[in-house]
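*Asks:* The chain contents come next:
Number of protein chains: 2
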Amino acid sequence: MAKNPDTFENNDGELLFEVLSTEFMDAIEQAILGEDAQTIKEKLLPLDPPDLALLLEQLNADDRQFIINAIRKDFNYDTLIELSDHVQSEVVEYLGIDTLAKHLAELDSDDAFTVIDELPGDQQSEILTKISASQRASYETILSYPEGSAARLMQQEFVAVPSFWKVADVLKFIQKSKVMPDAFYEVYVVDPKHHVVGVIPNSFLLRNQGTSSIRNIMKEDFKSIPANLDQAEVAYLFRHYDLISAPVLDESGRVIGMITSDDVVDVIDEEAEKNILQMAGVSETNYNAPFYVTSSQRIGWLVVTLINALLGAFVIECFHETIEQKGSLAAFMTIVAAMGGANAMQVIAVTMRACSGRLIHSSNMWRPVMKEALVGLMNALVFSLITTLIVLFWFKDPSIAYILPLALVFNMVWASLGGVLLTLAIEKMGFDPAVSAGPLVTATTDVLGFASFLGLATWIL
Amino acid sequence: MAKNPDTFENNDGELLFEVLSTEFMDAIEQAILGEDAQTIKEKLLPLDPPDLALLLEQLNADDRQFIINAIRKDFNYDTLIELSDHVQSEVVEYLGIDTLAKHLAELDSDDAFTVIDELPGDQQSEILTKISASQRASYETILSYPEGSAARLMQQEFVAVPSFWKVADVLKFIQKSKVMPDAFYEVYVVDPKHHVVGVIPNSFLLRNQGTSSIRNIMKEDFKSIPANLDQAEVAYLFRHYDLISAPVLDESGRVIGMITSDDVVDVIDEEAEKNILQMAGVSETNYNAPFYVTSSQRIGWLVVTLINALLGAFVIECFHETIEQKGSLAAFMTIVAAMGGANAMQVIAVTMRACSGRLIHSSNMWRPVMKEALVGLMNALVFSLITTLIVLFWFKDPSIAYILPLALVFNMVWASLGGVLLTLAIEKMGFDPAVSAGPLVTATTDVLGFASFLGLATWIL
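Residue numbers (the working numbering), protein chains in the order written: chain W, 1 to 461; chain Y, 1 to 461.
Treat the hints loosely; a few may be bogus.
Copies of one chain are not kept apart here, so a pair can be met inside one copy or by any two copies together.
Stated by the list, open to error - Think about it this way: if two alpha-carbon atoms lie no more than 25 angstroms apart in a straight line, the pair counts; the simulated SDA-like pairs of lysine to any residue are: (1) Lys223 to Leu45; (2) Lys73 to Glu220; (3) Lys166 to Gly210; (4) Lys223 to Val267; (5) Lys178 to Gln156.
Think of the hints as simulated: they come from the structure by calculation, not from any bench. Nothing here was measured: the structure is a model prediction, and the numbers come from that model.
Chain W extracted, bound-state conformation (with noise of 0.2 angstroms):
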């Protein structure tokens, strides 16, 4: 690792690692403003193209501009793969779209789909008159399959042999063919008409002699991956399964394309940020965008959270009268509502996991949905008895201590019972619970929470 600024430090006994240091950016820093593109050169250049993407993005446009100006002549196309949309389509407007057409062919297909795919509209239709006939036909293949498929993720190289050949002649076909793919784990066996038959990892045709026939050392039973089907399932099947590379076949079962791993960590790694983004209630993906955009993308969630607590403030002003005859029921309802709020956050978290790995399948679902409801009200008896004794021995209020336990039991089985139950039918209809499970589950705890508290106290006092 010698060539890169990698560090090891070790701070009170933990490893840490940085990609790129402290002292490594300030040097970077330190060059921009002296506008010494000599050590710009120097030090950017040996970097891995990753590390120049993160480097890249964490600068201004300003310092960005200089730092393509002074490395263009050496620039690594492969930089360009790792930017968000946002700084790609700034770095490819130094480079120059032309620039950018002549270094094209160097990347493998699907990297050069993702760079044309991330461009803005315009940049995008000026580089597709200045790319070869070849690089548009493969570009419009990736793009006839749904956003999001299998096919949009597969790179359109790949090593296909038939299954009459001997190890030796598909040694011989790697050595001598000029288009092979940058990387592959494994060569597919295909027939005639292009179905693979098996799959031979590198690893069996290193262990075998020259003279072994692939059709007797490829493995038949392997997972071959719909060129439709939707790159979080494709996550979950190597995720499963365990595998290093797959083969993409079309509707008609030919095989059009491969996938590997590093593909589908970034997908799990994305597909994770949209989970946790959405549970909180961004919609954002670019870090980099100016603070009004932000803004305006984060604020369907407010509205959603606006019309929620509008429906509680409704109902709580419903109460106005029974609230100002004891001011103390506007402490405590709060608490009700909290406590279901948190109680249904959980379920619908641990639904929304089970569900993604599979645990629950339509002939067991009643299990979670029975486990849960012992679950909320096992915590509910819990937490009614503590907050009965908080509110006699602290607040010494003997009237709200029979209702507010009363209300918590009602509104925490709730929350319990709506988190699974919506979860499951959410998933079920085929949408994200992620999203939506959330603020439906909290509006009712809200909602019933206030209700059932102030309405007991309204009917008790």
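Given chain W's structure and the hints, the job is docking chain Y onto it.
*Replies:* Chain Y only, in chain W's frame:
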């Protein structure tokens, strides 16, 4: 994929993927009910280990026992790796410790380690007395590294060759050697001290003639993993550099193992699951735990929620006289708190993800802070306007229409600033913001939301 019960259903034009189809599961349930061991064997023995594991996870304990008894003679021990702790220990009991000890040698060292490591204490100490001395030594080597470190992910089988060999020597070595990893994607070139001086992807070996010198074809620029590195960092390296496999080095720089990307995919998934669950306040990982275990695992977070809610309730209680004058205040204070909380969660999620993508560096830390402050202010102004209009036209209450927007701007700007600063601070201190940032910030948005709104109301009304 002929042997597997995979189905691709086209449901309203959408492609669905099911590892275990409903028909398949129904057939299994029928066979269990009819105690038909023959059908169980016919249906389950051709399954891939991950599919068999998934099926075992979906059933209850009695059904699992029946199945294991039916297939015990031909049971594929790779299935154990894919099971959750709870189910694994159960299956090991049905199989018998002696049988397991005999078959453990069939697994790669990392898989054997995982199986032993996940067993409960008594089963673990029993199995350790029954495996071979070399297996025990291998187990203890890995155990000497901390939990969650790279060493715990690696397998101890890998291919290492000296740099003075030719390609033909490597092939002969691979073909003759008896201890070979099940799968490998690159060969490590080592010096006499077992330091890695280069890496040769298998595809390089296939591409080059037998007479090519290893020294000339090996990649000298490669990534290696320190055995102590945290698994989340390992996952970051694989993702960042698109690695398929990497050598693991001990403290003296000797290669002691190999990590492959299928191991890392599991880590990425685990870390994503942990983050999602933590954000919802769940620390449990075992979906199949009994309800009282699950219940007790969720109580911690509910206690945190209760403490937060009590803090809020305490603040509200301070203003109970103001509320008794105007009960509607109780309705509107919840809006201020809810909007602040939602805003804070958005900011925390975005900042967390930017940190884990290493987009925030100490030199550019002021940028997200400034940006979030602006986003918060802008959205606060938007929602102040909306809520003012709602209060004026719907609730027709001009006095609240003055107070609500002021409290909202204050609380939402605080939520933005507090969210980003606290997340960065927690990250900087080396803790995980997924656990603590949410409750810490929303506690302040609740308290400040109630206090600012009710305080202003007491002062103005």
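*Asks:* For each hint given before, does the structure comply? Return the numbers of the non-compliant ones in rising order.
*Replies:* none
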